[in-house]
Amino acid sequence: MADPILKVRDLTTRFFTEEGQVNAVEHVSFDVEDGEIFGIVGESGSGKSVTALSVIDLIESPGRVTDGEIWYRNETLADEFRGSTPDAVDGDFVDVRRLPKGVRRSLRGPSFSMVFQDPMSSFNPSLTVGEQIAEAVEVQRRARSNPRSTRSRTQGYGLGKLVADTLLPSQRYVSDESMDRAVELLDQVGIPDPEDRAEEYPHQFSGGMLQRAMIAQALAGEPDILVADEPTTALDVTIQAQILNLLRDLQEHEGMSILMITHDLGVIARMCDRVGVMYAGEIVERGPLSDIFDNPVHPYTQGLLGSIPDVDDPSTRLEPISGNVPSLIDSEMPNACYFADRCPNAMNDCLTRIPEYELDGRHSVRCVLAEREYDPNDAIDTEVYADD
Amino acid sequence: MTDSLLEVRDLQKYYFERDTFVDSLLGRERRSVKAVDGISFDIQPGETLGLVGESGCGKSTTGETLLRLREATGGSVRFDGENVFEMDSDELKAFRKDAQIVFQDPFSSLDPRMTIGDIIAEPLKIHGIPEGAGDQSKREWRRDKAGELLERVGLSANQLDRYPHEFSGGQRQRIGIARALALEPDFIVLDEPVSALDVSVQAQVLNLLDDLQDDFGLTYLFIAHDLSVVRHICDRVAVMYLGNIVELGPTDELFESPKHPYTQALLESVPRPSTAEHGRRVEALSGDVPSPRNPPSGCRFRTRCPKVIPPDDLNIDQATYRAVMDLRDALVVGDVNPDHIWEAADPERVDEEAFIEEARSRHVAAELRGEVAGAVDTALGHLAEGDEERARETLRRRFESPCETRRPAVGDAPHPAACHLFEGSDEVTVIETNESAAIEADD
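Chains as they are written, first to last, in this note's numbering: chain A, 78 to 465; chain B, 32 to 474.
If you're looking for bench data, these hints aren't it; they were derived computationally from the structure. If you're wondering where the values come from, they're calculated on a predicted model, not measured in any experiment. The beta-carbon is built from N, C-alpha and C at its ideal position, and this holds for glycine as well. Among these hints, one or two may not hold up.
What the hints assert, rightly or not - Per the computed footprint, the stretches of chain B lying under chain A, defined by three or more beta-carbons under 8 Å from a beta-carbon of chain A, are: (1) 199-206; (2) 221-233; (3) 281-295; (4) 367-378.
As the list claims (entries may be wrong) - Residues of chain A placed beyond 12 Å of chain B at every Cβ, according to the derived structure: (5) Gly383; (6) Asn412; (7) Ala413; (8) Arg430.
As the list claims (entries may be wrong) - Computed footprint of chain B on chain A, listed as stretches where at least three residues anywhere in the stretch have a Cβ under 8 Å from a Cβ of chain B: (9) 258-272; (10) 318-332.
Sequences are here, hints too, so could you generate the full structure?
Given below as structure tokens:
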């Protein structure tokens, strides 16, 4: 068993909106081991993307990570902070949330990096693709020569800027070396004729090519952990296959760990070693791929697997989960298992908050069925309960 | 064989760019985008025909054009024997009563300012239904009918006065289905009806569509990009690529023994949700779908096809041939820049051999030997001299595939595939005919 590079414990993220407090992520815990692909799967609104953003410290107002620890293995940082902030250090691990803001920021790039879902809207349409990747390289280069300073370029618009640009000698943020490195990265992710493509703008790229470019950008800092948030959802199935192959190759060659967020259980099955299933902000079941797919314990995991039409076997009628995804607004959330109102096996025991049960060290589940058999005599009437 | 409910023949839908008055004043030639380029199929009463393909292949355009929501550029569509494109406005209105559509996006296809009762009753109102309602007012009759429909699709009649924003995606899609059912149509075009929904909700809607078809004897054209959904719900499937149908057959047959290399690649690419899938490495199709503005000659799939046919007199394995063809495509679309190659090989631009070697390592993903290596090197030599045209021509002369000179026909077999690999092979055709005869006899 490989060592974890990332240990997330009790991560809790809330959004404070006008409609009330939204509990987007509730006490989420998982490990990402060295060189593995850990998958988080869930439906829309289950909190999987917010989990990813929380890990990489990109939650913006009105959201806030309110609780939890994010332990990241990094000897250098651990040694540096052992004296000053002993709370934040445990062996080789540092708790990213307790590090100073500047340090946290400097981790983005060399430690954590992110690939977003929609490549079309993640690039700046007014800069060339090469320049944007080179900018990521440049930030890392400057940070290495002057750690803790990762000032990025701010781009100005307007007449004044236009005049200044015309009169003053060129003040490019990006150096030639960074530009060369950007071309190398584009080549590495399989973009043909990278020298020319680097000079092109995002609209001249196809969706698949742009997703490759975004992966190149994420690789600029040579990250330990790549967070991929639905990296193939916007792509067609044949292009998806290309991107998944690319991610697998990079993970193997660069020894990266990947935290993969997706709604597609097929992608999870192809790519991930271990999986967490999210529902209503919680990880309801977590374990190795085979445990989750072949011996799911949580009725939600079972329902999710039963809902997918099988491309190789059309005979069975689908068995969907009844009802709809619940609201995550704090005042509307029951003091019970969040899945109880849709659960075919809900019992009276489910009317309280359910802890996480360990099954065999690797497989854990947030459901009373881990401890006891389903007893129909003890069933709650889900119809009545749902109307409350 | 029963009469088809819908007969589509050689349907074309082109969009034109540079087609304004100003463009004609400036003497610009208009450019066509061939969204749908001559497709034909039949739909029998009570069946579900699936139309699958990747984004931009023209599947949604097909659905909208055959309902005459867009004017076709050419071809014909017969519904119940009548040509839809020649209908006058009265006939068209009657046709619209029989043929309905459910749209993909449940958020933008319902008017946010109407209650769902009004949304479902609107088609009835437009078509003047009911003609008389006895004691009830017509409005009340329509309201009752909307309530019934709402119950039928799994919502509650007391939700009639709510607005669309109060419903979830899955519930809105049910409302869209109720609206399509209001006029008791025979035929519904389902344009990606579940692709905006989460899997658990998607399964609910698929089951609902299945039940409705049984209860009302509906005929569906089911447009989708998700192959597992198509397999689950369709009786027959047509696979589209770049405006053409490349394969059409009974669902089980098409999924179990796909003929067209594109269908095979699509099926191969789908990630299966099972442990056996772990670590499976898909031989992904190379490259992107070409632009419909300038589609490849001959077979449109040839630029990505892993089974592209080499010329008869050339002894070459498939991987090498694909690599050479990729080089040719790269030369055509301008992905090969001699300046960059010179820079890396020999900035002085003298050593042609170094250039050729560098170009091969960059753009040819296979080891070349013998005659093939000779022809490729000659072409790269021309490229080194800056004569791209001649490089292309040299390669074309030696490596031209039948796939690029001739457009494969779809054919009339019961499970046709538009691919040269299936042309002129009598054996396959004979087997197909026998099978279909057996199927017909069973019917």
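Right, here's what the structure says about each hint:
1. Requiring three or more residues with a Cβ within less than 8 Å of a Cβ of chain A, the coverage given for the segment 199-206 of chain B holds, as 3 such residues are present.
2. Only when three residues or more bring their CB closer than 8 Å to a CB of chain A does the claim for the segment 221-233 of chain B stand; here the count is 5, and the claim holds.
3. Closer than 8 Å: that is the beta-carbon criterion, and the segment 281-295 of chain B has 3 residues meeting it against chain A, so the requirement of 3 holds.
4. Here the segment 367-378 of chain B counts 3 residues with a CB under 8 Å from a CB of chain A, which clears the bar of 3, and the coverage holds.
5. With a closest Cβ-Cβ approach of about 8 Å to chain B, A:Gly383 is found to fall inside the 12 Å limit, against its non-interface label.
6. A cut-off of 12 Å between C-beta atoms confirms that A:Asn412 is not in contact with chain B; the least separation is 23 Å.
7. Every C-beta of chain B lies more than 12 Å from that of A:Ala413, the closest at about 20 Å, which supports listing it as non-interface.
8. A:Arg430, annotated as away from the interface, keeps every beta carbon of chain B farther than 12 Å; the closest lies near 23 Å.
9. Check result for the segment 258-272 of chain A against chain B: holds, 3 residues qualifying (beta carbon to beta carbon below 8 Å, three or more required).
10. Coverage of the segment 318-332 of chain A by chain B holds. Counting CB-CB distances below 8 Å, 5 residues qualify, and the rule asks for three or more.
Checked against the numbered hints listed earlier, the structure breaks hint 5 alone; every other hint is satisfied.
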